[in-house]
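Novice: For reference, the chains in residue letters:
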Amino acid sequence: MAARSEPAPIAVAVPSDVLRHQKLGIVLLAALLLVAPFVFYPVFVMKVLCFALFACAFNLLIGYVGLLSFGHAAFFGTASYAAGHAAKVWGLPFELAVPFATLCSAGLGLVFGWLAIRRQGIYFAMITLALAQMLYFFYLQAPFTGGEDGIQAIPRGKLFGILDLSNDLVIYWVVAAIFMGGFLLIYRTIHSPFGQVLKAIRENEARAISLGYDTDRYKLVAFTLSAALSGLAGGTKAIVFQLASLTDVHWTMSGEVVLMALVGGLGTVFGPVLGAAVIVSLQNYLAGLGHWVTIVQGLIFVACVLAFRRGIVGELAHLLKKPL
Amino acid sequence: MRRSWLFAAAALAGTLLTLPAAADFTGGKVRIGVLNDQSSLYADITGQGSVVAARMAVEDWGGKVKGVPIEVVFADHQNKPDVGSNIARQWYDTEGVDAIVDVPTSSVALAINEITREKNKVFLVSGAATSDLTGPKCSPNTVHWTYDTWALANGTGSAIVQTGGDSWFFLTADYAFGHALERDTEAVVLKSGGKVLGKVRHPLNTPDFSSYLLQAQASRAKIIGLANAGGDTINSIKQAAEFGIVAGGQNLAGLLVFITDVHGLGLQTAQGLILTESFYWDLNDSTRAWSKRFAERMNGRMPTMVHAGVYAAVLHYLKALDALGSDADGRAVVAKMKEMPTDDPLFGKGEIRVDGRKLHPMYLFEVKKPAESKGPWDYYKLKATIPADKAFRPLAEGNCPLVK
Chain F
1 MAARSEPAPI
11 AVAVPSDVLR
21 HQKLGIVLLA
31 ALLLVAPFVF
41 YPVFVMKVLC
51 FALFACAFNL
61 LIGYVGLLSF
71 GHAAFFGTAS
81 YAAGHAAKVW
91 GLPFELAVPF
101 ATLCSAGLGL
111 VFGWLAIRRQ
121 GIYFAMITLA
131 LAQMLYFFYL
141 QAPFTGGEDG
151 IQAIPRGKLF
161 GILDLSNDLV
171 IYWVVAAIFM
181 GGFLLIYRTI
191 HSPFGQVLKA
201 IRENEARAIS
211 LGYDTDRYKL
221 VAFTLSAALS
231 GLAGGTKAIV
241 FQLASLTDVH
251 WTMSGEVVLM
261 ALVGGLGTVF
271 GPVLGAAVIV
281 SLQNYLAGLG
291 HWVTIVQGLI
301 FVACVLAFRR
311 GIVGELAHLL
321 KKPL
Chain B
1 MRRSWLFAAA
11 ALAGTLLTLP
21 AAADFTGGKV
31 RIGVLNDQSS
41 LYADITGQGS
51 VVAARMAVED
61 WGGKVKGVPI
71 EVVFADHQNK
81 PDVGSNIARQ
91 WYDTEGVDAI
101 VDVPTSSVAL
111 AINEITREKN
121 KVFLVSGAAT
131 SDLTGPKCSP
141 NTVHWTYDTW
151 ALANGTGSAI
161 VQTGGDSWFF
171 LTADYAFGHA
181 LERDTEAVVL
191 KSGGKVLGKV
201 RHPLNTPDFS
211 SYLLQAQASR
221 AKIIGLANAG
231 GDTINSIKQA
241 AEFGIVAGGQ
251 NLAGLLVFIT
261 DVHGLGLQTA
271 QGLILTESFY
281 WDLNDSTRAW
291 SKRFAERMNG
301 RMPTMVHAGV
311 YAAVLHYLKA
321 LDALGSDADG
331 RAVVAKMKEM
341 PTDDPLFGKG
351 EIRVDGRKLH
361 PMYLFEVKKP
371 AESKGPWDYY
381 KLKATIPADK
391 AFRPLAEGNC
401 PLVK
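Listed in order, the protein sequences are those of chains F and B. Position 17, counted from 1, in the first sequence is what the numbering used here calls 17; the numbers after and before it change by one each time, with no gaps. Position 295, counted from 1, in the second sequence is what the numbering used here calls 295; the numbers after and before it change by one each time, with no gaps.
What the hints contain is simulated information worked out from the structure, not anything from laboratory work. What you were told as hints is all true, and nothing was included just to trick you.
30 Å max Cα-Cα, derived DSBU-like pairs, lysine-lysine:
#	chain 1	residue 1	chain 2	residue 2
1	B	Lys119	F	Lys158
2	B	Lys119	F	Lys88
3	B	Lys222	B	Lys390
4	B	Lys404	F	Lys88
5	B	Lys338	B	Lys64
6	B	Lys64	B	Lys336
My request is simple: use the sequences and hints to build the entire structure.
Specialist: In structure tokens, the structure reads:
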């Protein structure tokens with residue numbers, strides 16, 4: 001991309017005291033990750049982390065490029081099937097199965113993105129939804145996914161042949177590291193010159209084009225990156241829970257990730273993490289309520305849209321007058 | 001050297017001393033977790049009814065095993081394997097649950113099957129259908145009580161052919177479960193001397209069955225086999241009634257239909273439907289007595305075979321705990337359950353096979369015409385009884401690794 005004859009992205013000087021809050025937030029997040037497994041049930045925290053990474057990847061697209069994808073479950077689910085199949089049938093270890101799954105999702109993201117970025121707004125959302133639904137029916141029928149039964153009893157195995165991942169605490173540290181890696185990558189992307197161009201596209205695409213940026217390429221790269229990170233989350237989740245199922249590719253999963261990003265705050269760095277924590281906790285602790293979980297989720301969605309449209313973190317940032 | 005010998009002796013003595021303590025009840029109580037669908041399509045078949053059935057088993061046993069209290073907890077797995085496996089892990093790891101009961105939806109049951117094996121607890125299946133649980137996926141920690149896909153296909157398939165329904169047409173839900181049910185039933189039909197005139201696949205959760213039903217009608221097959229489940233079955237039966245298929249002389253065979261489905265459809269629509277179940281409230285005096293007690297607690301709703309299976313399985317589990325004096329080792333508990341013959345008021349005498357399959361008779365029922373029904377929930381007439389040794393898949397054909 002750099003080799004093309006387009007203007008080098010302008011390095012926007014972000015005041016360092018603005019970034020200081022976000023850096024403080026990252027340190028706090030890391031500290032939380034260190035304490036969490038001793039306070040909460042580690043498997044639950046891992047679920048939160050996988051969904052948090054998924055929501056962050058989704059947020060990269062909607063929050064910073066302004067593209068509402070309604071088919072992100074396709075990337076999440078593809079990776080979980082890929083990781084499950086690789087680990088169970090091919091016997092690949094964790095360190096190969098998860099990158100393989102990430103690559104699968106990235107490839108898929110490239111294809112979906114190439115088709116979808118030609119349209120904007122509701123059309124973009126519809127194209128991604130349609131492609132994801134096609135994929136859903138493929139997975140429903142394909143023999144290797146096990147259909148309704150999914151891929152069960154995926155072995156967790158050993159990391160690099162030494163670390164025994166069947167221990168919940170050991171795998172927790174691995175998942176925490178993966179989450180932190182993905183999160184920092186997104187953070188870096190947002191604050192890079194590349195990220196600034198993405199924001200320019202979000203604000204005014206015509207103007208970005210008039211400035212000489214090939215916006216389609218930027219959008220495609222962002223889309224692929226988002227798909228790959230969603231895949232990283234999905235692949236990790238499959239191995240942690242030893243299960244890849246149709247739930248992961250169903251359109252409701254695409255809806256859930258929208259809800260997570262929205263509740264936390266679109267276009268904020270920490271919003272999706274908090275949003276994922278809120279939604280996963282609701283599902284977990286209100287499981288006894290049965291169908292009411294979806295009703296509670298719906299009410300939260302309505303409350304969010306009506307009362308605090310910026311999301312929890314978004315409103316907080318607004319109050320503090322600092323980006324978070 | 002001498003000191004190390006002393007150490008070894010002390011260590012050995014220590015282990016021997018702690019053994020009786022280890023052979024005890026974990027957490028000072030027996031906790032049974034009923035995990036099923038509390039709110040969605042299987043909530044009537046399983047749901048709160050299974051919780052009530054488990055509580056009745058605990059009460060009938062006396063509320064305590066060897067002086068240790070028994071507790072029943074429950075949760076909703078929303079038919080999602082990831083939600084279900086999450087709850088199961090949490091129950092086993094942090095909440096001291098010793099056994100998980102019921103678990104409809106095959107995908108969730110298969111997930112719990114693996115977790116239970118890994119954590120060495122006990123899994124008593126009543127609601128799930130897949131015969132893989134006692135086949136390739138069989139586990140020394142699992143007992144599959146009430147029914148399975150093989151038994152349904154076999155019961156409905158062979159009994160119908162024997163009672164004259166020798167030409168079939170399949171209406172199959174187009175996904176793994178539907179294909180498996182169709183395949184198993186077709187094999188049974190052919191083996192029993194019947195023939196299959198055709199089949200048609202319909203997408204999952206389709207609202208419109210008209211074109212499929214017209215094909216079935218045109219085939220002139222005596223029996224239309226419904227290899228689908230839940231809402232699809234209900235819709236196909238309703239629409240078949242609108243097309244006058246049963247009135248026209250063809251019979252519907254539901255391969256996975258429960259009494260609550262018939263209750264929901266009404267006799268006018270469901271009449272003539274042939275189905276296989278392992279329990280019906282009006283079978284004999286003891287099933288009537290138990291079902292009456294059940295209905296009193298469930299606002300008059302009669303139990304399904306899944307509820308009956310939960311009751312009987314929990315009762316037998318408690319018997320095994322009493323004989324063993326411990327709930328710590330799930331494998332040992334299940335081994336004890338297999339060793340002891342089963343005997344309960346709902347399924348009578350029976351046994352649990354080495355692959356985890358509970359053996360009891362299955363019954364072929366036909367849904368009554370409205371005129372034949374004498375009162376609420378009087379829905380079935382018994383057409384045939386399939387004896388326990390013929391009702392389930394032969395041990396050697398399941399490919400269960402536990403069978404040598």
